[in-house]
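Undergrad: First to last, the protein sequences are chains R and Z.
So for the first sequence, our numbering puts the first residue at 1; every next one is plus one.
So for the second sequence, our numbering puts the first residue at 1; every next one is plus one.
Simulated from the structure, these hints should not be mistaken for laboratory data.
Each hint should be verified, as a subset may be incorrect.
Stated by the list, open to error - Below, a list of computed lysine-lysine pairs in the DSBU-like style, where the Cα atoms sit at most 30 Å apart: (1) R:K90 with R:K216; (2) R:K112 with R:K216; (3) Z:K124 with R:K217; (4) R:K217 with R:K241; (5) Z:K259 with R:K98; (6) R:K90 with R:K118; (7) R:K216 with R:K241; (8) Z:K81 with Z:K137; (9) R:K118 with R:K217; (10) R:K84 with R:K118; (11) R:K216 with Z:K259; (12) Z:K124 with R:K241; (13) Z:K259 with Z:K124; (14) Z:K137 with R:K98; (15) Z:K259 with Z:K81.
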Amino acid sequence: MRRWSAAPVAVLACMGAAFAAESPDCAVAAHLAVADYPLPRVAAAIDRVRQLDVLVMGAGSSTLAGPGGTDLAYPARLEAILAKQWPGVKTKVVTNVKSRRSAAEMEESFEKILIEQKPALVIWQSGTVDAITGVDPEEYRATLNEGVEALQAGGADVVLMNMQYSPRTESMIAIHAYADNMRLVSQQREVPLFDRFAIMRHWSELGTFDLYAATKKLEMAARIHDCIAQLLADLVHDGVKLSRDQPKAIQ
Amino acid sequence: MAPATPAQRDLRLDLFRGLALWLIFLDHIPSNVVSWGTIRNFGFSDAAEIFIFISGYTAAFVYGRAMLERGFIIAGARILKRAWQIYVAHMFLFVIYMAEIAYVSSSFENPLYHEEMGIFDFLKQPDVTLIQALMLKFKPVNMDVLPLYIALLLGFPPILWLLQKQATLALAASALLYALTWHFGWNLAAYPSGSWWFNPFAWQLLFVLGAWCALGGAERIGRFIRSPIVVALAIAYLVFALAIVMTWHFSSLAAYVPKWLGEAMYPIDKVNLDVLRIAHFLALAAIIVRFVHPSWPGLHSVWLRPAILCGQHSLEVFCLGIFLSFAGHFVFNEVSDAVYMQVLVSALGIAIMCAAAALMSWYKTIEGRSPGSRSKPPDADLAGGEA
């Protein structure tokens with residue numbers, strides 16, 4: 001039974017967290033974290049300014065509650081990994097994360113943020129809240145479209161991030177229409193999609209993580225966030241490489 | 001047992017509605033390997049189109065006769081009674097859904113899923129949630145088909161009347177409503193936000209088309225549908241849809257879809273019943289009409305009997321299927337979601353649906369034979385499947 005398997009998993013998670021950075025587990029999903037489109041503004045920021053400002057715009061799943069949660073969540077981990085990946089580049093990841101926030105609510109604040117923070121890359125996580133509240137999928141797509149347009153016009157590259165794979169609530173939250181729309185926007189606007197759903201489902205299928213486990217502890221969540229950060233860094237790296245290989249004028 | 005119906009009863013309707021009910025059940029279990037074999041993974045349309053079209057067909061077949069024999073008021077009253085039955089069935093399913101999320105909310109905790117736990121907020125304010133559900137505004141996942149069916153039946157009496165007087169005009173009016181819906185973006189509001197997942201103003205087109213076919217339309221266009229050109233076009237379109245859908249499953253293939261085609265085609269809108277979906281359903285229907293003849297002896301074989309039985313008790317079997325898909329997901333959560341388990345749960349679910357359908361047929365036979373029963377039950381149920 002699922003419930004009984006939680007304890008050994010928690011122990012494993014504790015062990016895993018200690019050497020999470022070297023954990024090879026995440027890599028099994030590496031083929032799902034590939035940038036299909038270049039990130040020219042990020043490449044320019046790294047090559048010309050030697051400074052990379054990243055903004056993570058998201059809802060509850062872009063952070064971890066509890067003591068020290070913020071430092072264990074993927075934005076903070078991403079900052080550490082990116083800094084290692086590009087030594088000599090001043091890397092900073094800022095978060096703008098509030099739970100229960102829809103894509104439209106996030107989109108409203110883009111203009112102000114672009115002026116104030118001027119990020120070269122915005123990682124925009126959304127979808128679950130919209131699915132729970134039943135926002136019209138058409139409207140959701142329009143919001144993503146407008147948001148991506150505004151961010152690009154404001155000088156930022158965008159990576160869209162979709163929902164987490166949550167097997168226990170899968171029959172209760174209809175996320176697929178939203179995930180499909182996000183994929184569509186990614187293709188039409190030619191911005192990379194970080195397919196968190198597919199990645200986590202792959203981990204679940206291979207037994208990398210037991211996503212059914214019920215626990216109050218942060219260990220497993222921290223490991224998963226670390227893995228997400230690693231794959232996200234791979235994707236950003238990919239996107240930068242793509243734009244160096246096929247340089248394209250920034251409009 | 002074959003229902004006591006006139007000879008023209010088309011068993012193909014029951015067969016394909018039964019199959020659609022199985023597919024709906026399989027598709028509603030999330031992350032089920034067996035659902036990879038359902039038609040939505042091979043084309044644009046899915047079981048919902050089949051279900052709604054055949055429901056329109058049988059509704060016209062059953063209530064159309066009642067309207068001719070006993071007039072508008074009696075037939076209209078019966079249609080409304082049917083809508084009420086479906087409403088009650090929907091509320092019953094809603095209670096089961098609430099029980100499921102209440103159970104999961106009390107047994108599941110993981111800081112990773114803080115955001116997903118938002119779904120349990122509905123439990124915190126039952127005063128609002130329950131009332132919105134009673135008004136068919138709050139519709140949990142996978143519980144959208146019955147409200148659509150209710151809405152379609154509520155609007156059906158005048159449409160049926162018009163179909164009998166001026167069939168072509170009725171169909172044209174339905175198409176006009178569909179077009180206006182797309183143009184103006186009409187839909188019914190949902191709770192807590194957004195609108196209906198199956199827009200009744202758009203989906204009515206398929207329901208009315210089914211009704212139109214039942215009232216002589218099928219005969220009128222029969223020769224055209226069976227013509228080699230139409231069949232060839234249908235096959236070509238099905239192959240095209242299959243190729244496009246494959247690019248969704250294998251993203252490496254997506255590059256082969258020309259950009260202009262993607263821009264013209266996407267998004268393929270299920271909420272408003274995209275034209276591409278209708279075309280896909282019609283192509284499927286044309287192939288079936290061409291290759292499965294109503295007098296095909298296979299329709300009376302033992303092997304197809306389970307599906308036909310399910311199709312003849314569609315409301316009960318539909319509800320049971322939704323319940324079983326909840327239950328199946330519950331088993332995945334609590335016991336195992338190994339592949340053998342997914343296959344087992346899927347097969348067992350279909351077996352239970354068939355057993356229930358057989359049981360209901362049996363009930364109907366004993367009720368029909370018992371002395372002192374109503375002279376001739378005029379209900380939709382007995383006229384060969386339900387409306």
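Undergrad: Now, for every hint given, state plainly whether the structure supports it.
TA: Against the structure, the hints come out as follows:
1. A C-alpha spacing of about 36 Å is found between R:K90 and R:K216, which places the hinted pair above 30 Å, so the restraint is violated.
2. Restraint check: the Cα-Cα separation between R:K112 and R:K216 comes to about 37 Å, which exceeds 30 Å; the hinted pair is violated.
3. Only pairs whose Cα atoms come within 30 Å are accepted, and Z:K124 paired with R:K217 is accepted, the gap being roughly 24 Å.
4. Distance hint between R:K217 and R:K241 is unfulfilled; the C-alpha atoms sit about 38 Å from each other, more than 30 Å.
5. Our distance criterion of 30 Å between C-alpha atoms is broken by Z:K259 and R:K98, whose separation comes to about 36 Å.
6. Among the hinted pairs, R:K90 with R:K118 is consistent with the structure: their alpha-carbon atoms are about 14 Å apart, no more than 30 Å.
7. With a CA separation close to 40 Å, the supplied pair R:K216 and R:K241 exceeds the 30 Å bound.
8. Between the alpha carbons of Z:K81 and Z:K137 the distance comes to roughly 21 Å, so the proposed pair stays at or under 30 Å and holds.
9. A threshold of 30 Å between alpha carbons decides the hint, and for R:K118 with R:K217 the separation of about 36 Å lies outside it, so the pair is violated.
10. For the hint linking R:K84 to R:K118, the alpha-carbon distance of about 22 Å falls within 30 Å, and the restraint holds.
11. Straight-line distance between C-alpha atoms of R:K216 and Z:K259 comes to about 47 Å, which puts the hinted pair past the 30 Å bound.
12. Distance restraint check for Z:K124 and R:K241: the Cα-Cα separation of roughly 48 Å exceeds the 30 Å cut-off, and the hinted pair is therefore not satisfied.
13. The straight-line distance between the Cα atoms of Z:K259 and Z:K124 is roughly 47 Å, outside the 30 Å bound, and the hint therefore fails.
14. Distance check on the hinted pair: Z:K137 and R:K98 sit about 27 Å apart at the alpha-carbon level, within 30 Å; holds.
15. Between Z:K259 and Z:K81, the direct Cα distance comes to roughly 50 Å. Violation of the 30 Å bound is thereby established for this hinted pair.
The structure shown violates the earlier hints numbered 1, 2, 4, 5, 7, 9, 11, 12, 13, 15.
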